[in-house]
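In order, the protein sequence lines correspond to chains A and B. When you read off a place in the first sequence, starting at 1, and then add 53, the result is the number in this note's numbering. Letter 17 of the second sequence, counting from 1, is numbered -1 in this note's numbering, and no numbers are missing.
Hints may be right or wrong, so weigh each one.
Computed cross-link-like contacts, DSS-like style, restricted to lysine-lysine with a CA-CA straight-line distance of at most 25 Å [unchecked claim]:
{"id": "1", "chain 1": "A", "residue 1": "K173", "chain 2": "B", "residue 2": "K90"}
{"id": "2", "chain 1": "A", "residue 1": "K173", "chain 2": "B", "residue 2": "K113"}
{"id": "3", "chain 1": "A", "residue 1": "K162", "chain 2": "B", "residue 2": "K9"}
Because the hints were derived from the structure by calculation, they are not lab data.
As a plain string of letters, each chain reads:
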Amino acid sequence: MPVFPSQDWLTEYVDLINTSKEYEEAASSWEGDLSYVFEREPDKKVPDDVWVWIDLWHGKCRDAKFGVTQEEGEKARFIIRAPYSRWKEVIRKELDPIKGMMQGKLKLKGDLPTIVRYVKAANELVNIAGSVQTQFVDES
Amino acid sequence: MELVVTTPDAPPLGTMIADLVRSNIEKEPERAHLAHGVAGRININATDVESVIGMLFTGTSVRIGPELPAPDLEVVCDSATLMELANVKLRFGRPDPMTPEGRAILTKMMRKQLVVHGMMAHPKLLTRLQKLFTVA
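Make a model of the complete structure from these sequences and hints.
Below you can see the structure in the form of structure tokens.
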């Protein structure tokens, strides 16, 4: 079972994105890359911020990189960041990402109207993350 | 003078709505006039995130912050409906019943899943809010 966060987990996530009909439909016209930032929580075995970059294009993930530098990650069109524990809640579907943004638990950098327009696609990305068989690093 | 002002004590939902309105105006500068010439108080209550924000139309700007006392309009719905409201096409400033999204909003209003207090007394204010808010 892949550990979150890790390259193995990302590979599994990308595979699931690319086989999801629901995501393909919801994001059929989406063009743009995205960085996730899993913010450090040293007491939970995440000693540094982890940056993940994914390139999403017309309902598919064209490329993804785990552990990119902040400088690289910040070039993405959108950045979603939250502490590691929050992401755990999102992956476990205990926290809806849009609600999380409204509550300030997840921070978005990028064009908000675009995210609002593609809210179904954003939710699908989270649903897919939730369907990866995940071992969390602080529980391993 | 800034057209859309976020007060320092604005809840995260307020900051988000202010960003949305600012981006909409940035992309379509002709929407800027919607903030002018109308005064009133609006509260938006996103019930499932337990957050109420206030929008004060001063006549020359919109100030977004915490809940306002004695609002002229109050929008009450859950966060998903708020997103649907932002995604609905408008016809004469109201959700377009010719579109599935517009019909979904009107159905929610009939079922009281979306309640707008004061809409009859302040139609102009509601129209301005919808036009500033929508991304569709």
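Hints, verified against the model:
1. Proximity of K173 of chain A to K90 of chain B is assessed by CA-CA distance (about 19 Å); at most 25 Å being required, the pair is judged to hold.
2. Annotation: proposed proximity of K173 of chain A to K113 of chain B holds, straight-line Cα distance about 22 Å (limit 25 Å).
3. Restraint check for K162 of chain A and K9 of chain B: the C-alpha separation of about 17 Å stays at or below 25 Å, so the hint holds.
Going through the hint list in order, the structure satisfies each hint without exception.
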